[in-house]
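Participant: With the hints as a guide, bring both chains together as one complex.
Those protein sequence lines, which keep their order, are chains A and B. Going by the working numbering, the residue at position 146 of the first sequence is 137; the numbering climbs one at a time, nothing skipped. Every position in the second sequence, counted from 1, becomes a number in the working numbering once 971 is added.
To be clear, the hints were calculated from the coordinates, so they are not data collected in a lab. Do not rely on the hints blindly, as some may be mistaken.
[Stated by the list, open to error] Below, a list of computed lysine to any residue pairs in the SDA-like style, where the Cα atoms sit at most 25 Å apart:
id : chain 1 : residue 1 : chain 2 : residue 2
1  : B       : Lys977    : A       : Asp97
2  : B       : Lys977    : A       : Ala123
3  : A       : Lys185    : B       : Glu1000
4  : B       : Lys1030   : A       : Ala123
5  : B       : Lys977    : B       : Glu988
For clarity, every value in this text was computed on a predicted model and none was experimentally measured.
For reference, the chains in residue letters:
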Amino acid sequence: MKGGEDQTTFSDPAFVERLRAGEAAAIEAVVHAYLPQILRAARGAGLDAQRAQDVTQSVFLTFIQSIGRFEGRSHVRTWLFGILYRKLSETWRAVKRENQADDIDDVMENRFAPDGTWARPPRAADQATLDAEIRAHLAACLDEVPQRQRLAFVLREVDGFSTAEICNVLEVTDTNLGVLLFRVRNRLRECLEKRSLKG
Amino acid sequence: MNGMLKCHEVSRLVASEEIAGAGLWRRMEFRLHLMMCRHCRNYVRHVGLIGAAVRRLMKTAAEDAQVVERLEAEIMEAVRKGDDSGSGGHRHPH
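Okay, chain B solo, but in the shape it has when bound (with noise of 0.2 Å):
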């Protein structure tokens, strides 16, 4: 059918998250691609996969608490000591 959607623009409206900001019409074809297209299906499962894997990875390698504890001590030490010192005028009166 003249007009329609092919894999090469499916897989970058996918990758890019194009689909997201195109009309009706688009994502209309879009859709029927995909219905009738196994190949791109397949695609569009990897990127989701990819995507729900990082996230997980991500997640489960959060810094420990400890670290973040740590940090953030280290972090409002120096906003006090600066407070102390009076540099910058930033003592708040209250």
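Next comes chain A alone, as it looks inside the complex (with noise of 0.2 Å):
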């Protein structure tokens, strides 16, 4: 896994200590580690540039600030995750409720003859075609995902991060994950598929 060290540096408990204490080099070394992909996770979560650059900033000074309740029970990461994510889901509040029930579950129903085999079967293309199809069109359809999906998805895709992990970091059951990850992954799908026919 990326980071194996970092990972295993950062558990230790004499350096939760020396973080929880406030040391500066401490502090630091996590944020060199992991600035960069919370900025990441930031903007593939959808924000813009600047906005993901604020609160990435936000990200890091809220940990700096609650670093002495910080007892190293969870991965450092997973704390820091965990604070992107209150911060993002602050300003998704009023979407949340509309996403209990996802249209994409119909659309995905809707694929299926009652016996439980394609009705409308995925488009059957060569690797070239659907390699530059998604190229065309992934950020476009990426847009059109919940942004609570969509970090899910980054966090499982793009950082490696495990179930527990991001369940762990999106307060969710390993359910709801797969939930989560089955909506963005028919999502992006049926977007992309729609986008190509049109061409």
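Facilitator: Here you go:
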């Protein structure tokens, strides 16, 4: 896994103690190791460049202010991404409710016949065509994905977080995470297929 | 065959990643289904390609080093200022 050395160092109880004591060198090591990942995740969740930078800065300032409460029970990275998630979700509250029922679930149901076989199967295309189509439309399709689903997807696919760590950061169960990932993958796949067929 | 996996279930196992935590029998059924069903093979391929494309997109769109450096410097300046003013009582002896 990426950053394996850092992961081990940052879990060391002696390092956690230095962090809790507010030692600048320890804080700097964490900032240096995780700032690019936090910034990328903020962008991945759909923020523009300036807002992503603002949120990143705010995440680390909150981290530094609350460091005395960090007990090392979760990894420092999980703690940081938890702060990021709470900051992002403050701006999502308005849209959260409408995500309870998701139209992508109906779209997927309509893909299948009552006997569970494909009624409208995925498009068959050669590798080069699929690659070109994905490249052409992925950014636009990502913009159609609700932010919480995007964040779950980015943590999984880009940062390679484990299921347990994403559940910890997003404060969801395994089952909820499965639903989020199911929806984001199908939403992207449906969007890409629709746009590709339109040309 | 009775109890065989259906395409509907295969798509759910893949997209939700439930297949990763499934038992041996389920995983064998899953593999067998993929061997026989080209539509599900296409679906699995699409899901894999989308994941790879998102990784590529995010990594090439990674913020440039200057932005990262500036943000780091600003945050560390705030840390040191906090230390100088003695606020929070976090000054460390070494």
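Participant: Please go over all the hints and tell whether each is borne out by the structure.
Facilitator: Now for the hints, and whether the structure bears them out:
1. Between the alpha carbons of Lys977(B) and Asp97(A) the distance comes to roughly 18 Å, so the proposed pair stays at or under 25 Å and holds.
2. Among the hinted pairs, Lys977(B) with Ala123(A) is inconsistent with the structure: their alpha-carbon atoms are about 30 Å apart, more than 25 Å.
3. For the given pair, Lys185(A) sits about 31 Å from Glu1000(B) by alpha-carbon distance, which is inconsistent with the 25 Å threshold.
4. In summary, the hint linking Lys1030(B) to Ala123(A) is supported, as the alpha carbons are separated by about 18 Å, within the 25 Å threshold.
5. Taking the CA atoms of Lys977(B) and Glu988(B), the gap is about 16 Å. The hint holds against a cut of 25 Å.
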